[in-house]
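> Listed below, chain by chain, are the residues.
There are 2 protein chains.
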Amino acid sequence: MTRLIDELRKLPGIGTKSAQRLAFHVLRSSPEDAEKLAGAIRELKASLYLCSICNNITDVDPCSYCTNSVRDRQTICVVEEPTNIATIEKTRSYTGVYHVLHGTLSPIGGVGPEQLRIANLMTRLADADEVILATSPTTEGEATARYLVDEIHRAEPRIRVTRIATGVPAGSDIEYADEVTMSRAMEGRREI
Amino acid sequence: MTRLIDELRKLPGIGTKSAQRLAFHVLRSSPEDAEKLAGAIRELKASLYLCSICNNITDVDPCSYCTNSVRDRQTICVVEEPTNIATIEKTRSYTGVYHVLHGTLSPIGGVGPEQLRIANLMTRLADADEVILATSPTTEGEATARYLVDEIHRAEPRIRVTRIATGVPAGSDIEYADEVTMSRAMEGRREI
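So the protein sequences, as listed, match chains B and C. Going by our numbering, the residue at position 69 of the first sequence is 69; the numbering climbs one at a time, nothing skipped. Going by our numbering, the residue at position 155 of the second sequence is 155; the numbering climbs one at a time, nothing skipped.
It should be emphasised that the hints constitute simulated quantities derived from the structure, not laboratory data. Check before you lean on any hint, since a few could be wrong.
Note: identical chains are not told apart, hence a pair may lie in one copy or across any two.
[As the list claims (entries may be wrong)] The calculated EDC-like cross-link candidates involving lysine to aspartate or glutamate, where the alpha carbons are at most 16 Å apart (straight line), are: (1) K90 - E175; (2) K90 - E187; (3) K90 - D178; (4) K17 - D6; (5) K45 - D61; (6) K17 - E7; (7) K90 - D129; (8) K90 - E179; (9) K45 - D59; (10) K45 - E32.
So here's chain B without its partners, still in its complex pose (with noise of 0.2 Å):
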């Protein structure tokens, strides 16, 4: 018992008083329940991994996007998370490959470049010509893009690094923008 709660509590969001509570009601459950609850949880492991270019969560190695020949590799966009490669494929629009950083710099909470993916993504930098940093526009994110630019320019100073755009949210009227948004939209604006 004290195992499994030791063992539950590594989860995040759980503290001892919620593995205590679900260390309980595995208990309580019939040998088939926990059963299946132990089985899915050695499937995942044993299925689904990192892959090893991109780090998205893949069942193949390497993953789809990386093995894809349409894709065009010379255009790494890097995201904070693999959920966020469903984000940007739901636009159509992009074709490059990607590359997943698995969270953002947060010097409070303890995570420092090599908590990150940043290593493999240095090794990947010959093939590429533009690096687009989609990290979100938080303190976090822009934290993190300023960091990884620098870091690319070192090492690859050829490589065109891009930011995604801050600004108005489509179909928003701007009288609702803040002030910091509307300052990025007024600054990245565009010729057309």
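With chain B held as given, fit chain C onto it using these hints.
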């Protein structure tokens, strides 16, 4: 009573029912309160005008933005409504002048170019280097921007016409960006 109801019904968002309710409120209120309301309406019209240069609401004509010698008159920022000026002023980064259209093109709503204050924008172009189209990234705002860029380039091809950036708002996670916004954020990416 019918005359007041008819006048109140002309206000935006006030139907017959609301107009009746408001009229009854006036009927029940003291003569002083009714006089104050009538006086405030009369005074507003007597003391506030639209600036003859930029169409902003003002108590002196031309308005304080148009007569401020520190502001850059070669840059004109076109907005939909007078309230949008406050949104842009809050950024403390814009030093040009403004032009208020008082609406957006809306074929369904019966608003064509003649209903907007475009004529006195065209007369200002001779002195301008850049026109920033800061209409909202809504359907109507985009249609208005497209119409204006054609008109401005026809009249003065040398003018740089720019559009504010559409993108992920500052502080927001890209996870919550809809596909049109994400698509525009990718298109509008800039080298850093």
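> Run every hint past the structure and note whether it holds.
Here's how the hints hold up against the structure:
In this assembly of identical chains, K90 and E175 lie within 16 Å of each other by CA distance solely across copies; the values are 12 Å between and 27 Å within a copy. In this assembly of identical chains, K90 and E187 lie within 16 Å of each other by CA distance solely across copies; the values are 14 Å between and 27 Å within a copy. Taking identical chains as interchangeable, the C-alpha atoms of K90 and D178 lie at most 16 Å apart only when they sit on different chains, with a minimum of 9 Å there against 26 Å within one chain. In this homomeric assembly, K17 and D6 come within 16 Å of each other (Cα to Cα) only inside a single copy, at 11 Å, whereas the closest approach across copies is 65 Å.
In the homo-oligomer, the alpha carbons of K45 and D61 lie at most 16 Å apart inside one protomer (14 Å), although the nearest pairing across protomers, at 72 Å, exceeds that limit. Taking CA atoms no more than 16 Å apart as the test, K17 paired with E7 passes inside one copy only; the shortest distance there is 13 Å, against 65 Å between copies. For a Cα distance limit of 16 Å, the shortest separation of K90 from D129 qualifies neither inside one copy, at 23 Å, nor across copies, at 38 Å. In this assembly of identical chains, K90 and E179 lie within 16 Å of each other by CA distance solely across copies; the values are 6 Å between and 28 Å within a copy.
Taking the closest pair of Cα atoms, K45 and D59 come within 16 Å of each other only inside a single copy of the chain (10 Å); across copies the shortest separation is 70 Å, beyond that limit. Taking CA atoms no more than 16 Å apart as the test, K45 paired with E32 passes in neither setting, with 20 Å inside one copy and 78 Å between copies.
Hint compliance for this structure: hints 7 and 10 are not met, and every other hint is.
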